[in-house]
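Protein chains in written order, with our numbering: chain A, 251 to 532; chain B, 49 to 595.
Because the hints were derived from the structure by calculation, they are not lab data.
Be a bit skeptical, because a hint or two may be false.
Unchecked claim - Simulated DEER-style distance windows between Cβ atoms:
hint : chain 1 : residue 1 : chain 2 : residue 2 : range
1    : A       : GLU439    : B       : ASN82     : 20 to 28 Å
2    : B       : THR436    : A       : GLY460    : 49 to 57 Å
3    : A       : ALA401    : B       : THR436    : 34 to 42 Å
4    : A       : GLY460    : B       : SER78     : 49 to 57 Å
5    : A       : ASP396    : B       : THR69     : 53 to 61 Å
6    : A       : TRP341    : B       : LYS575    : 23 to 31 Å
Where a beta carbon is used, it is the ideal one built from N, C-alpha and C, also for glycine.
These are the residues of each chain, in order.
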Amino acid sequence: MVPDQAFDGEFAAGGGAPESGTTPPAVQVEGLWKRFGQQIAVNGIDLVLPAGRFIGLVGPNGAGKTTTLSMITGLLRPDSGRIRVAGHDVWADPESVAQVKARIGILPEGLRLFERLSGRELLAYSGRLRGLPGAEVDKRAAQLLDVLDLAGSQHKLVVDYSTGMRKKIGLAAALLHNPEVLFLDEPFEGVDPVSAQTIRGVLERYTSSGATVVFSSHVMELVESLCDWVAVMAAGQIRAQGPLEQVRGDAPSLQAAFLELVGANGRDAGESLDWLGGGSAR
Amino acid sequence: MTTAPAPATARTATASAPSLTSVFVRLKLSLLKNGLKQSGGRTAAYVTSIVLSVLFAAGMILGFLLLRGHTDAAVVTVLLTGVIALSWAVMPLFVPSGDETLDPSRLVMLPLRPQPLVRALLTASLVGVGPVLTLCLAVGAALALAHGAAGVVVAVLAVPLVVVVCVALSRAVAAANVRLLSSRKGRDLAVLSGLVIAVGMQLVNFGAQRLGRAGGVSSLEPAAQAVGWLPPASAISAIDAAGDGDYAVAAAKLLLSAVAVVLLVQWWQRSLVRLMVEPDGSTIGAASDAGAKDASSSSGRLGRLLPGGRTGTVMERSLRYIWRDPKTKAAWVTSLAIGLIVPIFNALQGTGSIYFACFASGMLGMLMYNQFGQDTSAFWMVMQTLATKADAYAELRARALALLVVTVPYTAVVTTVTAGILGQWDRLPGGLGVAYAVLGAMMAIGAVASARFPYSIPQEGYKNVAPGQGGIAWISIFGGMLAAVVLSAPVLGLMIFLHVADHQSQLWTLLPLGVLYGALMTWAGLKLAAPRVAKRLPEILAAVSKG
């Protein structure tokens with residue numbers, strides 16, 4: 251196992267973020283719990299994500315990434331724990347919740363959009379619901395559609411969009427109100443390389459202006475090339491968090507460090523699958 | 049299995065593979081069980097619906113036993129079977145039914161041949177509350193009719209036939225309906241299913257009215273004669289025929305039902321095969337609509353007519369969905385059609401009353417129920433912009449307004465036409481007042497039910513409700529309708545009083561009172577529901593994201 255070099259939240263807050271003294275962290279999680287029936291999905295995690303960073307939340311399937319992000323973004327009620335986003339409590343009084351919701355943009359995984367609207371109508375709807383003036387919404391929507399290469403399909407219904415197009419229109423809807431913190435759950439899952447590059451470009455531009463992106467993924471190469479801050483999750487717990495170089499440590503790549511952190515090294519299909527092979531069916 | 053070891057293992061694998069039918073039946077049972085496990089409230093709702101069903105079934109069988117030996121037994125049982133079969137046919141189009149647990153579109157990638165697949169699906173469909181209730185009815189009917197050895201023999205064959213015909217009919221209609229909804233023309237043909245339901249309801253209504261008039265049950269004899277030749281009622285009629293010694297007729301009627309099963313299964317199988325290999329083309333037309341209408345700006349002509357802010361935005365989306373979303377559209381068309389046909393047909397028949405116009409407002413008011421379920425999991429987009437009670441109130445009010453934009457004038461038109469046909473112009477204001485009071489009550493209950501009892505409407509495939517949520521859907525709709533009647537009781541009571549006490553010249557007062565009362569109810573309902581919505585956002589999202 252890698253030593254507990256980056257284990258606790260206290261450490262992370264001082265981990266070299268330039269603004270750590272003045273601005274509150276983008277996300278601050280204390281003792282977060284969630285269980286579904288018998289299964290503990292999130293097992294009392296503490297997490298501090300500094301503002302202004304490109305942050306990757308990595309972990310194997312079923313690690314609790316989506317559950318954690320859902321609770322941080324107010325979509326799923328935690329069993330216990332405290333969450334602050336941009337200095338405001340996510341699960342406190344309505345006023346504070348409103349502050350949070352105005353400051354974040356989210357692209358959830360596995361939830362639908364209003365798919366019987368066209369891409370452009372969806373943005374118009376989303377922006378106006380957030381109380382932006384109509385003319386401003388239309389201006390921003392046109393630019394986002396353009397940058398995300400969706401202008402040609404803006405009048406097509408979202409239900410007819412491909413996976414990559416859906417992710418892009420979802421991203422546009424999440425960015426429309428210029429949030430401080432953007433949460434993306436598996437934004438590159440099922441997306442073709444061209445769309446992925448477009449999404450990357452937009453996100454890089456967005457973070458370079460000082461905004462925070464938190465995205466979950468299990469593609470380590472992607473996280474390594476995009477993020478400067480990483481939190482590793484496995485079995486409902488945070489195994490490590492901190493700047494990328496620190497989490498990576500002496501390992502040759504984030505992938506190697508990750509496998510060691512989640513304790514997945516040395517697991518082999520071995521001899522139990524001796525029936526598996528080409529040729530005879532059954 | 050004592051030959052060479054290698055082929056032997058292969059053979060045991062084949063031999064021990066369970067039959068598809070038993071796999072599906074077990075799958076259905078576990079799906080039902082898992083659906084219930086998810087929340088205590090849902091389990092309670094489901095148990096309640098089962099208890100009610102058991103009581104109903106027991107009452108039914110008791111009724112049939114009392115009917116035994118009565119001269120009209122055959123007429124009643126045959127017609128009842130016909131009505132039950134009709135409701136099986138209509139159910140998948142209209143009311144939420146948890147029966148479509150096994151969605152064939154999920155089985156597309158499995159190497160299953162159509163015949164074993166349909167056989168297995170049919171068997172799995174026989175598991176559930178509905179089929180058991182139907183079985184009770186068929187057993188009851190057989191108990192009421194069977195005389196002599198021949199009668200008993202025919203009854204033994206007829207009872208399962210009735211159940212199988214009903215279930216096969218329901219599944220075949222459902223599959224055909226999905227094909228319709230997912231076809232290119234389907235969006236517009238959704239109108240059809242609404243009309244079928246409306247006309248079907250009206251036929252039942254006429255039957256019930258004839259029953260009520262002089263002559264009683266025996267006046268229905270010609271109808272029973274005809275229905276007795278229609279499967280599955282023909283199977284029940286066969287029992288009677290066998291008891292009377294008409295063996296040829298009995299055999300023919302029994303055979304008719306058996307043939308019906310075969311034909312229905314074939315029709316279903318054809319629809320299924322087509323469904324599994326054809327893409328969903330329902331949006332192709334809509335896409336060009338959207339493009340054509342909104343080429344200039346993202347909020348089209350509609351948007352310019354509506355108020356600004358959340359109200360206009362939400363109204364615009366709701367109104368667009370009526371036209372573009374096949375499920376929403378079908379629900380609207382059904383409500384609009386029943387709301388029009390019931391009062392007007394009755395008026396034309398001379399059995400009408402101006403107060404039947406309440407069907408229009410009541411049916412449309414039902415569309416207020418489960419507002420967030422209609423969003424499916426896209427509700428998260430709404431949720432992201434909702435935090436306070438005021439936000440939730442604005443959201444609910446906008447949805448109510450979108451509904452009222454259509455409902456208020458529609459109710460006025462239906463009531464006016466009904467009054468015109470009846471020639472009771474003097475009753476028009478009173479009728480309108482009562483209709484609006486009922487509408488207000490439905491809106492109020494609908495808003496509260498949307499907050500308290502949300503359930504998901506799966507978008508793919510057959511179902512109107514996710515497995516395990518059937519109980520909550522039924523209870524919220526029927527409980528809500530009862531509650532709406534109770535809520536509008538002051539206005540209804542006044543209406544009855546004015547009639548009974550012969551103050552008919554005062555009936556016009558119902559108009560201002562009804563409008564005021566309805567508006568007050570709607571407002572109160574929205575006010576009551578808003579804080580609940582704001583407080584329960586994550587729970588609502590979880591409830592509407594199933595399936």
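Comparing the hints with the structure gives:
1. Against the hinted window of 20 to 28 Å, the Cβ-Cβ separation of GLU439 (chain A) and ASN82 (chain B) comes to about 26 Å, which satisfies the hint.
2. For THR436 (chain B) and GLY460 (chain A), the Cβ-Cβ distance of about 29 Å falls outside the hinted range of 49 to 57 Å, so the restraint is violated.
3. ALA401 (chain A) and THR436 (chain B) have their C-beta atoms about 36 Å apart, which keeps the hinted 34 to 42 Å range intact.
4. Look at GLY460 (chain A) against SER78 (chain B): about 51 Å separates their beta carbons, and that is inside 49 to 57 Å.
5. A hinted range of 53 to 61 Å for the beta carbons of ASP396 (chain A) and THR69 (chain B) is consistent with their spacing of about 55 Å.
6. Checked against the given bound of 23 to 31 Å, the beta carbons of TRP341 (chain A) and LYS575 (chain B), roughly 25 Å apart, stay inside it.
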